[in-house]
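Using the sequences plus the hints, can you model the full thing?
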Amino acid sequence: MGKSNETEQIIEVKNPNSSLLRQVSLEARITDNNGKIVSEFQSSQTAVVPNASVSLKLMLSLNLRVTIV
1 MGKSNETEQI IEVKNPNSSL LRQVSLEARI TDNNGKIVSE FQSSQTAVVP NASVSLKLML
61 SLNLRVTIV
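According to the working numbering, the sequence shown is numbered sequentially starting from 1.
Certain hints may be false.
Claimed, not checked - List time: in silico BS3-like cross-link candidates among lysine-lysine, alpha-carbon distance up to 30 Å:
id, residue 1, residue 2
1, K36, K57
2, K36, K14
3, K57, K14
Rather than coming from a laboratory, the hints here were simulated on the basis of the structure. As the structure is a computational prediction, the values presented were derived from the model and not from experiment.
Here it is as C-alpha cells:
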C-alpha cells in the first residue's frame with residue numbers, strides 16, 4: 001500500500017493474518033516528477049510476521065510519485 005502526498009511519503013507493509021508469510025518479495029520506488037528514482041527499497045525472500053504493520057515515513061520537500069511493484 002502506498003500513499004502519496006506533496007511533502008510526506010509513507011510505505012506500509014501489513015500482514016493482518018495470524019500466519020507467517022514466507023518468501024515474500026517487496027519492491028518500492030519513489031520517483032520525482034521526471035521519473036528519476038530518488039529512493040528505492042528491495043527485499044527478496046523475506047518473511048512478514050503475523051499481525052505486522054510496518055511503516056516507513058519520509059519527509060520530503062519535493063512533489064513525488066510512489067510506484068509499488
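Structure-based check of each hint:
This hinted pair checks out: K36 and K57 have alpha carbons roughly 20 Å apart, not beyond 30 Å. Restraint check: the Cα-Cα separation between K36 and K14 comes to about 27 Å, which is no more than 30 Å; the hinted pair holds. Our distance criterion of 30 Å between C-alpha atoms is met by K57 and K14, whose separation comes to about 15 Å.
Consistency note: the structure conflicts with none of the earlier hints.
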